[in-house]
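Trainee: This is what each chain is made of:
Number of protein chains: 2
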Amino acid sequence: MIIATERSKRPQDYHGEQRPAAKELFCPFCEGHENKTPPEVLAIRRNGSGPDSPGWSLRVVPNKFPALRHDGDLDMQADGLFESMSGVGHHEVIIESPDHSASLAELSESQVEKTIWAYRERILALRQDERVQYILIFKNHGVAAGASLEHTHSQLVALPIVPIRVQREIDLSRGYFGLRERCVFCDVLEKERSAGQRIVAESDRFVVLSPYAARFPFETWILPKAHVSQFELTPPEEHAELAAVLKKLLAAFNLCLTEPAYNFLLHTAPVADRCEQAFHWHFEVIPRLTRVAGFEWGSGFYINPTTPEMAAESLRVAIETGKERPAEAE
Amino acid sequence: MIIATERSKRPQDYHGEQRPAAKELFCPFCEGHENKTPPEVLAIRRNGSGPDSPGWSLRVVPNKFPALRHDGDLDMQADGLFESMSGVGHHEVIIESPDHSASLAELSESQVEKTIWAYRERILALRQDERVQYILIFKNHGVAAGASLEHTHSQLVALPIVPIRVQREIDLSRGYFGLRERCVFCDVLEKERSAGQRIVAESDRFVVLSPYAARFPFETWILPKAHVSQFELTPPEEHAELAAVLKKLLAAFNLCLTEPAYNFLLHTAPVADRCEQAFHWHFEVIPRLTRVAGFEWGSGFYINPTTPEMAAESLRVAIETGKERPAEAE
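Protein chains in written order, with the numbering used here: chain A, 1 to 330; chain B, 1001 to 1330.
Everything labelled a hint here was simulated from the structure, so no lab data went into it.
Being a predicted model, the structure only gives us computed values, none of them experimental.
Heads up, a few of these hints could be off.
[What the hints assert, rightly or not] Restraint ranges, calculated between C-beta atoms of paired labels, are given here:
(1) A:277 <-> B:1191: 40 to 46 Å
(2) A:196 <-> B:1164: 28 to 34 Å
(3) A:178 <-> B:1276: 31 to 37 Å
(4) B:1273 <-> A:277: 32 to 38 Å
(5) A:277 <-> B:1276: 55 to 61 Å
(6) A:178 <-> B:1182: 32 to 38 Å
Using N, Cα and C, we set each Cβ at its ideal position, and we do this for glycine too.
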């Protein structure tokens, strides 16, 4: 748990989560407002425009309200039962486009490709910081998915420890590898591609699928066919193809599900422990259609009212025809 | 993950989670509508009124749309990489009052006591089913917390396996006990009561506190002072006192936080593995003030913008004065 005092809230600051985000009168991510963010750490610019000025097609900036500080050393404290560590790390925002109103699904493939390129560039830069053990990349799209600003953006958090959930996934993958000497994700890919019923789309190098034990309706994974544990080892030449399948998937969500809020997460091996044989990087994309409530919270089980086969079929039809699956076919 | 086909949803059934629950025109939990639920399995009735008729002050009924079936045997299936088990178990609803509009915080202490009594009665009854390994009791209050009906109710799910999250908490408690030969919850209670700053309220037998590493703002636990691993071993003579502290806490939430949605969860030892020395039952109560988004999902870390000390102080003031903490005292 992270106590983020820079985001400190007193009781009267909570108004319940029902209230939708107000349409922003002023957006700090729009072109021309570059001085409203901390100075950029990466940008794609045309015509030699200078840093923190207009003329960009993508910008990466430190988060103005970071969950973690980027200066200072690791500072472990133990007080009997309780342990704490200072929240050192990096928290950055990838502004995916200067266009305020377009969502990632609506950007051009080449613009989505730039976003993927930026993820890799920032990972390569931040892994040089020796305090960084893990780099988490995610996107919250829509109020229901936790987005606080409407303007399309992703986030990167570089952490001084490997998060517990990541470690657990790696431990499970290692356990499988220990038994079979094969990567569990490679085995899943092989099995799913031969069965076909949970496959959403396939390109030369990537597979989009509804996982067998999908926890959420329309939960979808994107995996490279080649075994690679760290995302940054997938070369930029493959980014255009990855951008195309990601854009296709997000567009299919919009067709099947009336523009749902969603989260996506990059699952990749840690900076130091590369876990080369056992892990396989992938994106997990989750539309926010059901609420996590007491049952899920208490058990860690998820009740999914839509089978992954049904979700995959709907998404396949949407991708192939550019249309929602006709209701009479049910 | 549970695929619940009795709750099956096609893509067009999702309308996004933003839409608030429609005010029900007809409530199946109201007095006089007893034939709209499956037959009751427990009720508190006056004047010898018959089952499934008016005249009750509390009813327990099977969930009409259960996450699990209660007939059938355990049926494990393995298909290469993938394993599945049929969803056998019980899913019940505790209707806490015939009053449609009162929340649990607004019910009388004696009515809250009846609810706690019903939890224990149903645990004692369902643990007789030899397929049942764990009984999970929880409450979703408010749309943001996942409640689908407004009429105040809790839920009980009896499961054929010990859920992963419960097992993990028990493993951690056992690990601590193995090192120190003491219950970790007893040690936390002792430490917190001597420090005082995270204590919200205390009665003869119960302590209400904001945990040291609170994941959510205003996350609060209720623990018995006496070491008891299973909730059902706490005798009915103590229910009135537990009801009083629970009602106090929920009323304080309403004062501090303008009637927040919340979840509560009973953490108790499994049916067979009683974990008598290492575990200590408790309630976890979580107002839904922040959204779980990509960062939390990816890392298992939670960003909490309110310190537990600040939350405890606000709740203490609300309980002591019956008023919100004055803003000028900040």
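Trainee: Does each hint hold? Answer for all of them.
Mentor: Here is what the structure says about each hint:
1. A:277 <-> B:1191: 40 to 46 Å: holds (44 Å)
2. A:196 <-> B:1164: 28 to 34 Å: Since the Cβ atoms of residue 196 of chain A and residue 1164 of chain B sit about 30 Å apart, the hinted range of 28 to 34 Å holds.
3. A:178 <-> B:1276: 31 to 37 Å: holds (34 Å)
4. B:1273 <-> A:277: 32 to 38 Å: Given about 35 Å between the Cβ atoms, the range holds.
5. A:277 <-> B:1276: 55 to 61 Å: violated (42 Å)
6. A:178 <-> B:1182: 32 to 38 Å: Holds - the Cβ-Cβ distance for residue 178 of chain A and residue 1182 of chain B, about 35 Å, lies within 32 to 38 Å.
Comparing the model with each earlier hint shows a violation of hint 5 alone; every other hint is respected.
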